[in-house]
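Peer 1: Sequence:
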Amino acid sequence: MSPAQQELLIGHRTGGPATVEPVRGRTVLQRVVLPASATADPDVLPLYVETRPDRGMEAPSEEPRRRRPDAQAEDSGTRAAAVGLAQDSVRFGAVPGPAGRGSCVVEAQRRVSFATYFNAFPAAYWRRWTPVRRVSLQLRVEGEGSVLLYRSTASGRSHRVAVHHLRGGVEDVTLAAPLDGFADGGWYWFDVIAGAGPVRLHEAAWTTAVEPQPDARISIGITTYNRPESVTELLAAIGSSPELLAILDAVYLVDQGDRHPDETAAWAVSVAPLGDRLRLVRQANVGGSGGFARAMLEAVEADRSDQLLLLDDDIELEPEGVLRAVAFAGLATDPTIVGGHMFSLHDRSVLHALGESVEPRRFWWGPAPATRPSHDFGRRGLRHTPWLHRRVDVDYTGWWTCLIPVSVLKRIGLSAPMFIKWDDVEFALRARKAGVPTVTLPGVASWHVPWEDKNDELDWQAYFHVRNRLITALLHSPFERGGAVVSEVLQVQLQHLLSMQYSTAALRIRAIEDVLAGPEALHAGLATKRAELRALTEHLPDAGLAPDAAQFPPARQRRPQRSGARAPRNPVDLLVKAALATAHQLVMPVGAASRTSPASEVAYQDAVWWRLTDLDSVLVSAADGTGVAWYRRDPAGFRRQLASSVALHTRLWRRWGRLAAVYRAAMPELTSPERWDETLRSSD
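Residue numbering for the sequence shown follows the numbering used here, beginning at 663 and increasing consecutively.
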């Protein structure tokens, strides 16, 4: 039996004090952090502390359950009770002294668990990607009670591995946590149980004796476009963390808009802690890829930092997560991209994205295998959510929070000149070919508006979705002719045409044309393409968005005709519906009434092609609810766009191999710092 196993076994059997190790000489991997005060946002409390360890046991199955009509109200009550009980069980920031966010008081006769997203230790990730094989939980506590150490397996089963009884007074406690048995998943966490009086947690951290590379330093790159208030708040959050400031070389704020953050009232106070670390860079709007490329270029040229942290301008940041990402990157076996998870800015206890993957044959992005998007920690905690205990391996991470080694930028180049969309995917796939993995590390996270609350595949951004997806597939698809990507892009194009979304179809046609033209114009189009796309579609009726339906003539009926309302049930039904819809678009004349007023008004969620097949015109709301568009059938336009779409997709499929060779040969030069420097200077 190993010394570590003996230590754990003795502690569990006797309940005696665990061996205390000095903090000095150890590397902190992850500090325990808590809300700053008892008035903290109640929606985020379940991400830091769990006051009802049994919460979620009533639903052991991961599958959707049949629910009574009043079940939703019952769930809401459960969540409210958990939040209310948290206020009675634990007080945050109640311990005086320098501990700050790591301190709390557990009230007498109460139990508080740290089996939470931000405070449990994701052992499997450290086991897989670093040489760390032994971790210690180190605490400074005061009072009578108990500290219990737990671990879980990849299947989500958990058990207690050690207990330490607190005898009163201030104690430094160390519990050993070896990383054996975490090959596929599993976490560590601890609970605190107070006795007759309160227990004060002064501070706690997960540490190791393995030393990171010395003097790890980071820079931060933020691209902003007309979000002066939110990016100013983000800068204030960065400056609020003394630990983050201690390792920070520079913040490159790349301003590409015409509403400048340094003109806001809060600017001076918000950026004061950053001092001369802040570099405000103004340049033309060359998209997210151009903005992040500027930050990458600055970091490479400065040659001071080990890591560059990329942040979106509209996130809320947990600064402690940055320190964890830096610690993980510093100890990683190989240079590693470390990504953060995304919580919903609208529903703050909801983990919207845990990890991202690219399905290779379709070459389409989506949640990583074995993950479930939009998990609500407010309803079900970590302890009783088995799928969260499995280690998740990803293909890429979004650049809302992403730490990249500067050495990797020097080796493989900067972002691809894509303006927006797929630039983060392409970079991660390029890095993986160079032996650089991407890891999305639990406990590293930010809050962001979830993409399901908008649909940017219908407006001018549809062009970039299609063009950049195809370019990324040309660069990285392992399949001959890209697998199924060309046929799927054509299929979606036909759906847009059948839905009378002619402006979207026009953008997608231009995207295919530009892909076929080759990579030479990618840099040149960064500053001009957006205006070109708006001009391309401004004359098409479905591109015009009015604030509400009252701006248009009233609809003659409130719902589409029933014949188009049923979803295709099988492949034969799908083909029949598509054929009938195509025939309707091609040969049926547009009714006179539909030229002067819409036939119906349809919610965005119902505006699918098979619901619109019998209509000549319809009002459709926008995905985010900000407006309404009037779709009108145009048989002549449909014929032109259909013929062009089929011809272009056929040409793309036939030329795939030659195009792939051209793009792959050009990419090293297109992503080089020298080429980006030339482009960015010419756009200033």
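Just so you know, these hints were derived from the structure itself, not from any lab. In this text, all values refer to a predicted model and were calculated from it rather than measured experimentally. Ideal placement from N, C-alpha and C gives every residue a C-beta, glycine not left out. The reader is advised that the hints may include incorrect statements.
[Said to hold, decoys possible] Quick list of simulated restraints, FRET-style, between CB atoms:
(1) 927 with 1036: 31 to 37 Å
(2) 1142 with 925: 50 to 56 Å
(3) 1153 with 822: 22 to 28 Å
(4) 1142 with 1343: 50 to 56 Å
(5) 1343 with 928: 52 to 58 Å
[Stated by the list, open to error] Derived lysine to aspartate or glutamate pairs resembling EDC-like cross-links, with alpha carbons at most 20 Å apart:
(6) 1072 with 911
(7) 1239 with 1276
(8) 1095 with 1055
(9) 1072 with 905
(10) 1072 with 1276
(11) 1072 with 1336
(12) 1072 with 1331
(13) 1095 with 1057
(14) 1095 with 1021
(15) 1095 with 1268
(16) 1072 with 1340
(17) 1072 with 1150
(18) 1072 with 996
(19) 1239 with 1142
(20) 1239 with 1286
(21) 1072 with 1142
(22) 1095 with 996
(23) 1095 with 1142
Peer 1: Against each hint, give a clear statement of whether it holds in the structure.
Peer 2: Against the structure, the hints come out as follows:
At about 36 Å, the CB distance of residue 927 to residue 1036 agrees with the hint of 31 to 37 Å. Look at residue 1142 against residue 925: about 53 Å separates their beta carbons, and that is inside 50 to 56 Å. Restraint check, residue 1153 to residue 822: a C-beta distance of roughly 53 Å breaks the suggested window 22 to 28 Å. For residue 1142 paired with residue 1343, a C-beta distance near 40 Å fails the hint of 50 to 56 Å.
Taking 52 to 58 Å as the suggested C-beta distance range, the pair residue 1343 and residue 928 does not conform, at roughly 31 Å. The suggested pairing of residue 1072 with residue 911 holds, with an alpha-carbon distance near 18 Å, which does not exceed 20 Å. Under the criterion of a C-alpha separation no larger than 20 Å, the hint pairing residue 1239 with residue 1276 is consistent with the structure, at around 11 Å. Taking the CA atoms of residue 1095 and residue 1055, the gap is about 16 Å. The hint holds against a cut of 20 Å.
For the hint pairing residue 1072 with residue 905, the CA-to-CA distance comes to about 27 Å; that exceeds 20 Å, so the pair is violated. For the given pair, residue 1072 sits about 56 Å from residue 1276 by alpha-carbon distance, which is inconsistent with the 20 Å threshold. A hinted pair counts as satisfied when its Cα atoms are at most 20 Å apart, and residue 1072 with residue 1336 qualifies at roughly 11 Å. The straight-line distance between the Cα atoms of residue 1072 and residue 1331 is roughly 13 Å, inside the 20 Å bound, and the hint therefore holds.
Simply put, residue 1095 and residue 1057 have alpha-carbon atoms about 11 Å apart, close enough for the 20 Å limit, and the pair holds. Under the criterion of a C-alpha separation no larger than 20 Å, the hint pairing residue 1095 with residue 1021 is consistent with the structure, at around 17 Å. Taken as a hint, the residue 1095 and residue 1268 pair is broken in the structure, with Cα atoms around 42 Å apart against an allowance of 20 Å. In summary, the hint linking residue 1072 to residue 1340 is supported, as the alpha carbons are separated by about 17 Å, within the 20 Å threshold.
A C-alpha spacing of about 36 Å is found between residue 1072 and residue 1150, which places the hinted pair above 20 Å, so the restraint is violated. At most 20 Å may separate the alpha-carbon atoms for a hinted pair to count; residue 1072 and residue 996 meet this at roughly 15 Å. For a cut-off of 20 Å, the pair hint linking residue 1239 to residue 1142 is broken: about 31 Å separates their Cα positions. A C-alpha spacing of about 29 Å is found between residue 1239 and residue 1286, which places the hinted pair above 20 Å, so the restraint is violated.
About 31 Å separates the Cα atoms of residue 1072 and residue 1142, which puts this hinted pair outside 20 Å; it is violated. At most 20 Å may separate the alpha-carbon atoms for a hinted pair to count; residue 1095 and residue 996 meet this at roughly 14 Å. Of the supplied pair hints, the one linking residue 1095 and residue 1142 holds, its CA atoms being roughly 18 Å apart against a limit of 20 Å.
Hints 3, 4, 5, 9, 10, 15, 17, 19, 20 and 21, counting from the list given before, are not met by this structure.
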